[in-house]
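Make one complex out of these two single chains by using the hints.
Below, each chain spelled out in residue letters.
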Amino acid sequence: MSAASRTSASFGNPKLRASDLQVGASREQVVVENLSRTQIVMYAGASGDLNPIHYDEPFAQAAGYPSVFAHGMLTMGLTGRLLTDWLGDGVLRSFGVRFVRQVWPGDTLTAKGTVTAIEPDGRVTIELVTTNQRGEPVVTGDAVAQLPV
Amino acid sequence: MAEFEFEFPVDRTAILNFAAALGETNPIYWDERYAQSTPLGGVIAPPTFAVACALWNPWHGLRGVRQIPAPPPATTGSPESAAPRERRSEGGGGTARLLHGEQRFEYHQPLRAEMHLTVTIRPGRTWEKEGKRGGRLRFSETITELRDERGELVVTATSVGIITEKAVEQ
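As they're listed, the protein sequences go chains S and H. First residue of the first sequence? That's 1 in the numbering used here, and the numbers climb one at a time after it. First residue of the second sequence? That's 150 in the numbering used here, and the numbers climb one at a time after it.
Here chain H stands alone, though its shape is the one from the complex (with noise of 0.2 Å):
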């Protein structure tokens, strides 16, 4: 996976959608005027809400159906061409060896809605070591920026991502 880049256009709906989903009741995330009451001035996103710009990420490879934003064309050191065919489409066998290992935030200012932010995602580093649920465990960092339309700093986000040999043991 190469450096790679897209925009990432937030609406209050998918603040809204996020929210709802993880049963919030917090009015900060809908509700515009009594956000406005607040020292905020508006609508921000949930602390995790930065995960979404998956929706906006031509490339991600756990899309369901979806068709768009359709990944362009692929082209030499493009993350399309890097990424096996089966990982790209619904499901596939690459995914059910996939889990999330550790998730990081850093934040330099609230995200709001109708921010307009430019997404970079960048791999970080890989290591291996000997699982004692699920085998030999692959790991590999995966770092994402969040910038404004200043290209000022919003969120950092740090993921690992562990790819197992079997199912975890439970």
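Chain S with its partners taken away, still in its complex shape (with noise of 0.2 Å):
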């Protein structure tokens, strides 16, 4: 790889500037609708993570909840979601989250990202909250991305 496409890479494919942006901007998507079984069992084979917890029904009511539950990490990536869609790709210099609450077959959960800073070198810091569709944080957290001047 040539010097002059690694400096490119290093800014990845962004969608926007970070002039384009302002402390304070928000944006927000739906990343799943009425999620399903079937994509959890996707998630579980995809991802390594068999744990029967995600998609054995009689294990998971055996365990003490009332039926399966996602993977933390399938949601955190459909978080991730808004960052790539609004943001572009390859942009990210960290991405971090902490479960707060599970997210069952069935629901809607919505993203929404919000920039709290704007360094002068282009690095953008989003907090991040995923809720469910009765308006339920499950996931918090936040990211940097590094976008141009």
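Source of the hints: derived by calculation from the structure; they are not laboratory data. Because the structure is a prediction, the values reported are computed rather than measured. One should not assume that every hint holds.
Said to hold, decoys possible - The calculated lysine to aspartate or glutamate pairs, modelled on EDC-like cross-linking and capped at a C-alpha distance of 20 Å, are: (1) LYS315/H x ASP56/S; (2) LYS15/S x GLU279/H; (3) LYS278/H x GLU318/H; (4) LYS315/H x ASP85/S; (5) LYS281/H x GLU136/S; (6) LYS315/H x GLU277/H; (7) LYS112/S x GLU33/S; (8) LYS315/H x GLU263/H; (9) LYS281/H x GLU301/H; (10) LYS281/H x GLU314/H; (11) LYS15/S x ASP121/S; (12) LYS15/S x ASP85/S; (13) LYS278/H x GLU251/H; (14) LYS278/H x GLU263/H; (15) LYS112/S x ASP160/H.
Said to hold, decoys possible - Covered by chain H, according to a simulated footprint, are these stretches of chain S (three or more residues, beta-carbon under 8 Å): (16) 11–18; (17) 34–47; (18) 55–64; (19) 76–85; (20) 97–105.
Glycine included, each C-beta is placed from N, C-alpha and C at the ideal position.
Here it is as structure tokens:
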């Protein structure tokens, strides 16, 4: 890979510039509607996390849960779609979440990002919250993206 | 758990499956011609894809009926010898009380299709606290580093696992 392409790759494929954003700007997006058990099973296979609590209903009920529930990482991955759809591909420098509530089959999730800081070098900090159809947060977190100035 | 290491060859099918499971429609994850037309120059993986290294982790505890890659014969100090048998086989009592509390990724360069990564997993901090919904909680941090063929970092992932006394109250 040439030095030039490496330099451009360091900015990924941004959809906007840091100067297009301001502190307080936000975006929200429905990232899954009526979450299906099929999608949970697809995620189990694709991620390698085959904990039966996520797809084996008798196992989940024996453990004291009303039904299976989604992998936290599925919810984080869905939340990541807000970031990449908004900011672009390969622009994230960090992405962290706390899993605060379980996500069940049938849930509809809305991810929201709010700009909390913009550095002169184009680094943008986003505060994240993803909520279910009852408005309850399921994950909260933050991300930093490197955008062109 | 001691520190351990394994290879993670990243192929386009693995990225396609992972992106599909997220309901993605973004062509950067599967359309090579489109991806080559962008400054990234090729297919990359979604931001949380690093966790799929579990598929190549011979000691991964949540593998269903998967027999490959088989864990090496147990040796003193290996992660295998430290894990209770039921945690390694399908299901088992251990997994029902295991929750994922936090996850963080630091990105050092794009994670690209056809990278041949080396994964290092090591334990981080551990602590306990009294929880409101799940009884006494044990927290443990796991740090996963993915490096490229030149040994340069691609992604650092930090996960916090929680072992609860009972099912978390809804």
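Now for the hints, and whether the structure bears them out:
1. LYS315/H x ASP56/S: holds (18 Å)
2. LYS15/S x GLU279/H: Violated - the C-alpha atoms of GLU279/H and LYS15/S are around 44 Å apart, more than 20 Å.
3. LYS278/H x GLU318/H: Cα-Cα ~16 Å, so holds.
4. LYS315/H x ASP85/S: The hint is violated at about 38 Å.
5. LYS281/H x GLU136/S: holds (18 Å)
6. LYS315/H x GLU277/H: holds (15 Å)
7. LYS112/S x GLU33/S: holds (15 Å)
8. LYS315/H x GLU263/H: Distance of about 42 Å is beyond 20 Å: violated.
9. LYS281/H x GLU301/H: violated (42 Å)
10. LYS281/H x GLU314/H: holds (11 Å)
11. LYS15/S x ASP121/S: holds (17 Å)
12. LYS15/S x ASP85/S: Roughly 8 Å between the alpha carbons, so the hint for LYS15/S and ASP85/S holds.
13. LYS278/H x GLU251/H: With Cα atoms ~15 Å apart, LYS278/H and GLU251/H stay inside 20 Å; holds.
14. LYS278/H x GLU263/H: Judged against 20 Å, a Cα distance of about 42 Å means the pair is violated.
15. LYS112/S x ASP160/H: violated (31 Å)
16. 11–18: holds (count 3)
17. 34–47: holds (count 7)
18. 55–64: holds (count 6)
19. 76–85: holds (count 8)
20. 97–105: Held - the region 97–105 of chain S has 4 residues with a Cβ nearer than 8 Å to chain H, which meets the minimum of three.
Hint compliance for this structure: hints 2, 4, 8, 9, 14, 15 are broken, all remaining hints hold.
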